[in-house]
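Those protein sequences? They're chains H and X, same order as listed. Under this note's numbering, the first sequence has 16 at position 16, and the numbering climbs by one with no breaks. So the number in this note's numbering is just where the residue sits in the second sequence, counting from 1, plus 306.
In short, the hints are calculated from the structure, not lab data. None of these values were measured; they are calculated from a predicted model. Watch out, some of these pointers could steer you wrong.
Residues from chain H that face chain X, not an exhaustive set, calculated with beta carbons under 10 Å [unchecked claim]:
id: 1; residue: G41
id: 2; residue: T149
id: 3; residue: E152
id: 4; residue: V180
id: 5; residue: V189
id: 6; residue: C208
id: 7; residue: P245
id: 8; residue: A249
id: 9; residue: G250
id: 10; residue: N251
Chain X is faced by these chain H residues, among others (derived, beta-carbon under 8 Å) [to be verified]:
id: 11; residue: L177
id: 12; residue: A230
id: 13; residue: T231
id: 14; residue: M257
id: 15; residue: P262
id: 16; residue: K265
All C-beta atoms, glycine included, are put in the ideal place defined by N, C-alpha and C.
Number of protein chains: 2
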Amino acid sequence: MKQGFEDIIAKVKECGKKTVAVSVAQDSAVLEAVKEAKRLGIADAILVGDEAQIREIAASLDMDLTGFEIIHEPDMIQASLTAVKLAHDGKADMYMKGIIDTKNFLKSVLDKEVGLRTGGVLSHVAVFEIPTIDHLLFLTDVAFLTYPTLEEKVHIINNTVPVCKACGVAEPKVAPLAAVEVVNPKMPVTVEAAELTKMCEEGQITGCIVDGPLSLDLAIDPEAAKHKGATDRKIQGDADILLFPDIHAGNQVYKAMVHMVPGMKNGCILTGTKVPVILTSRSDTFETKVNSIALAAVVAEEMRKG
Amino acid sequence: MKQGFEDIIAKVKECGKKTVAVSVAQDSAVLEAVKEAKRLGIADAILVGDEAQIREIAASLDMDLTGFEIIHEPDMIQASLTAVKLAHDGKADMYMKGIIDTKNFLKSVLDKEVGLRTGGVLSHVAVFEIPTIDHLLFLTDVAFLTYPTLEEKVHIINNTVPVCKACGVAEPKVAPLAAVEVVNPKMPVTVEAAELTKMCEEGQITGCIVDGPLSLDLAIDPEAAKHKGATDRKIQGDADILLFPDIHAGNQVYKAMVHMVPGMKNGCILTGTKVPVILTSRSDTFETKVNSIALAAVVAEEMRKG
């Protein structure tokens, strides 16, 4: 049975509506997304920012602000600190970027007093529903960590496994990707992929199955795996988590999927934080923003349950 | 007007049928492809290998061997040297891998006496027709060079520009890709991309327009380029050549396109050699093999003229 964002949204409805704190909310794309998230029963929003501007934009969108809490804070940095503190204090279940620039938004996330640090490594996960693939794909890291070390890759896996669980994947299969499916000392990423596999076999990485190095076809296409005779592999075209060698490979595959695969759906969050962080970009569609809020909501529920 | 493999095949018919020398031809997938290439008027083939086995496989495929030259050479290494010499001596216009392993096939390509060296760097190009994109995309290097240096990237561009020209793209636009579209000293690939751009502006790289670093969306999606306000860029979603940072990024995007984009068509050749080399893999479809022969044929014609 095909798994997709509809299932994620259905899951949120089961676990009860969440609350998202929006940092510098005077942005039409963000307000449209939180309006839809509220309509769908995914999340209520606390809008922190310039109240007059928020009301003006909402009016231009025919958006009824009844039921939205607004906290007036015209200064962007202050607004981000106020918004993140709501998440820090448990008054909000997720934290979302508004029109503030990414650098200052991340500063609020990392703020030592009111931010969302846990002591771990932050990483990004992009979740995809692809028409020809019956399960969700979790791509990491395509946007945040640039050249993750082996240790950081362990953190990335540990950050991403709970996201899979939140989406209903009990024991995700993790594919550390390379151009090839065998270890080649001249390609350090294949050596690291094998090390991650061993760490999982020896119980240093838990809650998932790691099998690498893998080429992308063996990771996502059961037919290709069969054709190449990969019958002894733990992953045979059925990977859940695609762990990329670096941000260039990850970002380029991510963008190939967004811009070339008709009918794909996606949503992204930042993980490794106290609560899920929604860091959508200007170029994300309305649907992606709503999907990201839904994704953050199921992850927030998973973290709450612990 | 959409450009695709049909146009490439039409072009071969204009320039006249070519001849492909096949190295160790006793392979059903390869024989089926050369049979189709002959039927379409793309190329005749000289089949070098074990004649009895070739005839047996052809019979099992209902393939009429009339019009195919067969050179009996049961030893694989000898067969590859005999076949590559045909291309070296100008008796064949392209050289194609049969059932011989890649390592020994490449040894024949690089053979100092009868091989196809030109003194330059060899590189691979994968040409794609994507339903939602109206021009061909030339991906390089997704399969051969692992971690190209700046100098090797110049060679890759110089190898790939004639392939574009052969396919009707007079002055291709080259996008050296990264995760971002601005130079960041912490990401060496962005620095190299900017250097390639400058080298082209200063006339050290000719016959094309280079603009990098570029993220994949700005390289292939005019809407994304417009949305991000990239109006001062030489490439605004209309790149022809996608130059990848390394083989991992290239190979993973290549496989994402092959395994996730419905209706895509592709073909691949090795360039930087005296004649185009067709090095398809077991996992390539029949159509990809035929497309690769057609691609090699137009490139052979371009090299003959040029």
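Hints and how they fare:
At a threshold of 10 Å, the smallest CB-CB gap from H:G41 to chain X is about 30 Å, leaving the interface hint violated. For H:T149, the interface hint is violated, since its Cβ never comes within 10 Å of a Cβ in chain X; the closest pair sits about 14 Å apart. Against a cut-off of 10 Å between C-beta atoms, the interface hint on H:E152 is violated, since the closest Cβ of chain X lies about 15 Å away. A hinted interface residue such as H:V180 counts as satisfied when its beta carbon comes closer than 10 Å to some beta carbon of chain X; here the least separation is about 8 Å, so the hint holds.
The interface hint given for H:V189 is met, as the beta carbon of that residue sits about 6 Å from the closest beta carbon of chain X, less than 10 Å. Given hint, H:C208 at the interface with chain X, is violated; its Cβ is 20 Å from that chain's nearest Cβ, farther than 10 Å. Interface hint at H:P245: satisfied, since its Cβ lies 5 Å from the closest Cβ of chain X, which is below the 10 Å cut-off. Given the 10 Å rule on beta carbons, the hint for H:A249 holds: about 4 Å separates it from the nearest Cβ of chain X.
Residue-level restraint check for H:G250 holds (minimum Cβ-Cβ distance to chain X is 7 Å; threshold 10 Å). Interface restraint check: H:N251 against chain X, minimum CB-CB distance 4 Å, threshold 10 Å, status holds. The restraint placing H:L177 at the interface with chain X holds, with a minimum CB-CB distance near 6 Å, inside the 8 Å limit. Given the 8 Å rule on beta carbons, the hint for H:A230 is violated: about 11 Å separates it from the nearest Cβ of chain X.
With a least beta-carbon distance of about 15 Å to chain X, the hint placing H:T231 at the interface is violated under the 8 Å criterion. Taking 8 Å as the C-beta cut-off, the interface hint given for H:M257 holds, the closest approach to chain X being about 6 Å. At about 7 Å, the closest approach between the beta carbon of H:P262 and any beta carbon in chain X falls short of 8 Å, and the interface hint on this residue holds. Violation of the interface hint for H:K265 is found here, the shortest Cβ-Cβ separation to chain X being roughly 13 Å, above the 8 Å cut-off.
Going down the numbered hints, you'll see the structure goes against 1, 2, 3, 6, 12, 13 and 16, while the others check out.
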